[in-house]
Amino acid sequence: MKKKNNHLSYAKWGYLFILPFFAAFFIFSLIPLVDTVRYSFYEYYRSGIKEVGPTFVGLENYTALLQSDMIGYAGNTLILWLIGFVPQIVIALLLANWFTDIRIKIRGMQVFKIIIYLPNLIMASAFAMLFFALFSTNGPINSILLSMGMVSEPIDFMGTAFGTRSLIGLMNFLMWFGNTTIMLMAAIMSISPDIFEACELDGCGSVKRFFYITLPLIRPILAYTLITSIIGGLQMFDVPQILTNGQGNPNRTSMTLIMFLNSHLKSRNYGMAGALSVYLFIVSGVLCFFVYRMTNGKDKTGTARAAKKAKGGSKA
Amino acid sequence: MKHKKGNLGETILAYFILIVLSFLCLFFFYILIVNATRSHADLQKGFSWLPGNYFLENLKSVANDGSFPMFRGILNSLIVSTCTAALCTYFSALTAYGLYAYQFKLKKVAFTFIMAILVMPTQVTAMGFLRLMTNIGLYDSLLPLILPSVASPAVFYFMYSYLESSLPLSLVEAARIDGSGEFMTFNRIVLPIMKPAVAVQAIFTFVGSWNNYFVPALIIQSKDKMTVPILIATLRGADYMNFDMGKIYMMIMVAIVPIIVVYLLLSKYIIAGITLGGVKE
Numbered sequence: 001m002k003k004k005n006n007h008l009s010y011a012k013w014g015y016l017f018i019l020p021f022f023a024a025f026f027i028f029s030l031i032p033l034v035d036t037v038r039y040s041f042y043e044y045y046r047s048g049i050k051e052v053g054p055t056f057v058g059l060e061n062y063t064a065l066l067q068s069d070m071i072g073y074a075g076n077t078l079i080l081w082l083i084g085f086v087p088q089i090v091i092a093l094l095l096a097n098w099f100t101d102i103r104i105k106i107r108g109m110q111v112f113k114i115i116i117y118l119p120n121l122i123m124a125s126a127f128a129m130l131f132f133a134l135f136s137t138n139g140p141i142n143s144i145l146l147s148m149g150m151v152s153e154p155i156d157f158m159g160t161a162f163g164t165r166s167l168i169g170l171m172n173f174l175m176w177f178g179n180t181t182i183m184l185m186a187a188i189m190s191i192s193p194d195i196f197e198a199c200e201l202d203g204c205g206s207v208k209r210f211f212y213i214t215l216p217l218i219r220p221i222l223a224y225t226l227i228t229s230i231i232g233g234l235q236m237f238d239v240p241q242i243l244t245n246g247q248g249n250p251n252r253t254s255m256t257l258i259m260f261l262n263s264h265l266k267s268r269n270y271g272m273a274g275a276l277s278v279y280l281f282i283v284s285g286v287l288c289f290f291v292y293r294m295t296n297g298k299d300k301t302g303t304a305r306a307a308k309k310a311k312g313g314s315k316a
Numbered sequence: 001m002k003h004k005k006g007n008l009g010e011t012i013l014a015y016f017i018l019i020v021l022s023f024l025c026l027f028f029f030y031i032l033i034v035n036a037t038r039s040h041a042d043l044q045k046g047f048s049w050l051p052g053n054y055f056l057e058n059l060k061s062v063a064n065d066g067s068f069p070m071f072r073g074i075l076n077s078l079i080v081s082t083c084t085a086a087l088c089t090y091f092s093a094l095t096a097y098g099l100y101a102y103q104f105k106l107k108k109v110a111f112t113f114i115m116a117i118l119v120m121p122t123q124v125t126a127m128g129f130l131r132l133m134t135n136i137g138l139y140d141s142l143l144p145l146i147l148p149s150v151a152s153p154a155v156f157y158f159m160y161s162y163l164e165s166s167l168p169l170s171l172v173e174a175a176r177i178d179g180s181g182e183f184m185t186f187n188r189i190v191l192p193i194m195k196p197a198v199a200v201q202a203i204f205t206f207v208g209s210w211n212n213y214f215v216p217a218l219i220i221q222s223k224d225k226m227t228v229p230i231l232i233a234t235l236r237g238a239d240y241m242n243f244d245m246g247k248i249y250m251m252i253m254v255a256i257v258p259i260i261v262v263y264l265l266l267s268k269y270i271i272a273g274i275t276l277g278g279v280k281e
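Chains as they are written, first to last, in the UniProt record's numbering: chain A, 1 to 316; chain B, 1 to 281.
It is worth saying that the hints were derived from the structure and are not from the lab. All of these numbers come straight from a predicted model, not from anything done at the bench. Be careful, since some hints might not be right.
As the list claims (entries may be wrong) - Think about it this way: if two alpha-carbon atoms lie no more than 30 Å apart in a straight line, the pair counts; the simulated DSS-like pairs of lysine-lysine are:
| hint | chain 1 | residue 1 | chain 2 | residue 2 |
| --- | --- | --- | --- | --- |
| 1 | B | Lys225 | A | Lys266 |
| 2 | B | Lys45 | B | Lys60 |
| 3 | B | Lys60 | B | Lys223 |
| 4 | B | Lys107 | A | Lys12 |
| 5 | A | Lys12 | B | Lys108 |
| 6 | B | Lys268 | A | Lys105 |
| 7 | A | Lys266 | A | Lys113 |
Work out the full structure: start from the sequences and follow the hints.
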């Protein structure tokens, strides 16, 4: 361990070095948080150029939200997340398994990895704008489908709830499956090769090996991926916002919670925005607790370490 | 024998799925590039797989468009992302070093606190943040997009893990004996050792900031301060159908391409960085 005796006199340097972090956190996160919680108990909004409030109204904003469409938007967020996450985790497991299987030598693995990770770095808003242009009724996708004779008239992808949700799911899938694949690959590669060898000697095929060896041994990372992806899903905003121009069309079926928050912030309804933020804060607080438990748990299989980058997963 | 056959089938399936997925990943960008090189009239006629020769004209009309100052936006985005990456990595490394190398009373509390907020979404404090920035006169300025990155828990955690695995405290002791001041030790000895971690996190922070949309959209109001994602959103909100489509594709392209170029140049480090220091003990 570290030598304790002559460290005491250096303590002030420790405080000094961590000061900027905590000062920035205090100013840019803590004060805003307190302010947000405080105004969630007030009636405080702007109508036209007139400011109404702030008047203390207790829990009125909270109950008003429960009676509003918030529950429906939470449902939308969950559905949109699921449409992206389920194929993402299935494909990522398959690919990670193949990439690490010594009996299947995939040529050009590096190239494949570069390609599948590419969409993760693309600006989500530009990607959504691109999809909007490509999938519009007179856009290239319809033009391709028509010329191939697959449809007789243009499909209005963004005219139906199913179409819009599928497009958002597809974008989220494309943006995140590469990232998850690489995370899971690292987890599988950390399993001792001896175990795979022993399994080979016992004559188990690749299916059995996957379900009885690989899957149980990477469970911590899988759980971690799941939780960070839920947190990312909760924050879903850029893609549906741009694709539907903030409307959540058709008929608000693709309106997410953060889009709802954004519309309250844009219209300067501080009371409602505050209450909604507090709901989101409570939910993400619970999820943060799970992540905390995982990153500080006793398992040394790499869950803790992988946490570092996995923050990237929080924008899904 | 039987095993070999099974493997062959599985290999073929693996290639098939990989090729389909790669196609999906590249297809949309291919259409983007093709369409960005075609004129509006050409695009109306339907889709073509081959690029046209309108690339420069489209680029010029994007550059000359006063209502969507795309190149000004790219400059703003560059300023914000570069400053964010620099501040975030430097102060995260400093914080990590402070908590790693020194013993003090609140050390454990500080560490636990940062770990507890590791994945807390920034959106939950957005309302208070917006009000605070308005009150202290930073509304519609680029600073609120940069300064908060000094406190980045996830980057801190990455740096801390890196220090644990690669900085022996005896090195710090040795520097002290040689008369190096504490701050000097960090800048001259510790920071160079952390270079790989700093580089990886600088890339990811840069990209994250470049793509960030939620907070900038709340803070930035005037056109000449808009970053690229806000411009894209404004484009989506505008009366889009009357626009020159070639120009629209070109705008999306100039928003995306800088990152793709950086990625292709640094892909080796980026891919390795996703799990760097991670799982292997």
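* To do: Please name the hints from earlier in the document that this structure breaks, with their numbers sorted from lowest to highest.
  => Failing hint: just 7.
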